[in-house]
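Undergrad: For reference, the chains in residue letters:
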Amino acid sequence: MECVFGLVGNDFAVVAADTSAVHSILVHKSNEDKIMILDSHKLVAASGESGDRVQFTEYIQKNVALYQFRNGIPLTTAAAANFTRGELATALRKNPYSVNILLAGYDKETGPSLYYIDYIATLHKVDKGAFGYGSYFSLAMMDRHYHSGMTVEEAIDLVDKCIAEIRSRLVVAPPNFVIKIVDKDGAREYAWRESVKDAAVASA
Amino acid sequence: MARYDRAITVFSPDGHLFQVEYALEAVRKGNAAVGVRGTDIVVLGVEKKSAAKLQDSRSVRKIVNLDDHIALACAGLKADARVLINRARIECQSHRLTVEDPVTVEYITRYIAGLQQKYTQSGGVRPFGLSTLIVGFDPYSGVPSLYQTDPSGTFSAWKANATGRNSNSIREFLEKNYKETSGQETVKLAIRALLEVVESGGKNIEVAVMTKEGLRQLDEAEIDAIAAEIEAEKEATEAAKKAPPKEK
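Chains as they are written, first to last, in the UniProt record's numbering: chain A, 1 to 204; chain B, 1 to 248.
Simulated from the structure, these hints should not be mistaken for laboratory data.
A couple of the hints might just be wrong.
These stretches of chain B come out as covered by chain A in the derived footprint (C-beta under 8 Å, 3 or more residues) [as the list claims (entries may be wrong)]: (1) 51-59; (2) 138-149.
Think about it this way: if two alpha-carbon atoms lie no more than 30 Å apart in a straight line, the pair counts; the simulated DSBU-like pairs of lysine-lysine are [claimed, not checked]: (3) A/K62 / B/K242; (4) B/K179 / A/K62; (5) B/K78 / A/K108.
With the Cβ distance kept under 8 Å, some of the chain A side facing chain B (calculated, not the full set) [to be verified]: (6) K62; (7) A65; (8) L66; (9) R70; (10) D143; (11) Y146; (12) W192.
Please read all numbers here as calculations on a predicted model, not as lab measurements.
Glycine included, C-beta positions come from ideal geometry on N, C-alpha and C.
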């Protein structure tokens, strides 16, 4: 029931992901951050098997960093997306990763972009995308309200609309979401949307 | 003697590994490199041979970063350096991936030295013909460090050191003039040391500064300015020496 979605605005891209870590009927925690800051101007929102998710995204992150040290300049978002897809494709017919990824990035020359990469190594450059059962609701919501060149306020409003829809219509809706944004100033956390806070651990 | 330098794995009767010593000769022919450690900063300086007119000097970077907090300068065979630097960069990321921590300066130095040693004990290979100066800040303690490795695979930490051409003169200068410094004073000391053996001017030396914030390459104008300061200070001390005898 993991929900990940994102969209591209006028000079930024925003992604949102639920923050529940679930194993069968047990919720391990509800503040798991599934959106990794890949480098200064890229975000990777991932959903799927949690072991694969962490393993694969960290592997991509370290290889992207290595490229930057070797070559003195960072990878473009498109290059990072294609590299990611390539790794998924190579592993696919041997030892596949069960990870779906939305890769959002900002390049000085080409502006913001969003890439849809699913677990069987599909790659699409998109304006809006979503994974999981929540995608039935968030994609519909975005289809209705999205237009190109949205401002940050409009985009966050749309994200909130999607979260509201997921919360009200998905049977086991995740309670909390994290929203991250990437623009010319870099990738950073934007906000959390929490309806259930993890209780603080009581001291002994 | 000639029979003992053909294959790397052979000791000479008097306990020498000639290939390793010949590699050290290659280092002695390489450009001068100096490293100075301060309290909050580490400075690397490298002699730049005058660039060929048609060469794009930006493509010849002699001080490279291995990670956000580690930098390396070397003297010797630059092609060998490329290989070592690539392996070190991979190890820096691999370390971050497996233990979720950046490398310490000592760890990566030990890794590079270990690599250099491997090639002194294998069949059919020759040692890497370079000595490295590795600088950086340890990730959590924030302590600055300077290490040196050589073709034999030995390494140690230094307050200040030099390698490559005329490294003995530079080291003598540093031994005489080293004291705990910080910030710009450390940069001046490093440039003064390098100017002992290199023609003055921003065109002939490359200087980079490692602080807690990361590596920063100084541009020609900055180096020229500091070199000018050093010249002025030298002239002032010369004048001061000459002045007292005149006062009667």
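Undergrad: So, as I understand it, the hint says A/W192 touches chain B; can you test that by seeing if any CB pair is closer than 8 Å?
TA: 23 Å, violated
Undergrad: Do the numbers back the hint for A/A65, that is, is its least Cβ distance to chain B under 8 Å?
TA: 6 Å, holds
Undergrad: Are B/K78 and A/K108 close enough, with their CA atoms no more than 30 Å apart?
TA: Violated, because 33 Å separates the two Cα atoms, which is more than 30 Å.
Undergrad: Given A/D143 as an interface hint, is its Cβ closer than 8 Å to any Cβ of chain B?
TA: With Cβ-Cβ at 39 Å, over 8 Å, it is violated.
Undergrad: Using a Cβ cutoff of 8 Å, are there at least 3 residues of the segment 51-59 of chain B near chain A, or does the coverage claim fail?
TA: Coverage by chain A is violated for the segment 51-59 of chain B (0 residues, Cβ < 8 Å).
Undergrad: Does the CB of A/R70 sit less than 8 Å away from some CB of chain B?
TA: Status holds, d = 6 Å.
Undergrad: With a Cβ-Cβ cutoff of 8 Å, does the segment 138-149 of chain B contain at least three residues near chain A?
TA: Since 0 is below three, the answer is violated.
Undergrad: Assess, step by step, whether the Cα of B/K179 is no farther than 30 Å from the Cα of A/K62, and give holds or violated.
TA: This hinted pair is violated, its Cα atoms lying about 39 Å apart.
Undergrad: Min Cβ distance, A/Y146 to chain B: is it shorter than 8 Å?
TA: Violated, about 37 Å.
Undergrad: For a C-alpha distance cap of 30 Å, please report whether A/K62 and B/K242 respect it.
TA: Given pair A/K62, B/K242 is violated - Cα atoms ~60 Å apart, limit 30 Å.
Undergrad: Using 8 Å as the Cβ threshold, decide whether A/L66 counts as touching chain B.
TA: 5 Å, holds
Undergrad: Classify the hint on A/K62 as holds or violated, based on whether any CB of chain B lies nearer than 8 Å to its CB.
TA: 4 Å, holds
Of the hints listed earlier, those the structure fails to meet are numbers 1, 2, 3, 4, 5, 10, 11 and 12, in rising order.
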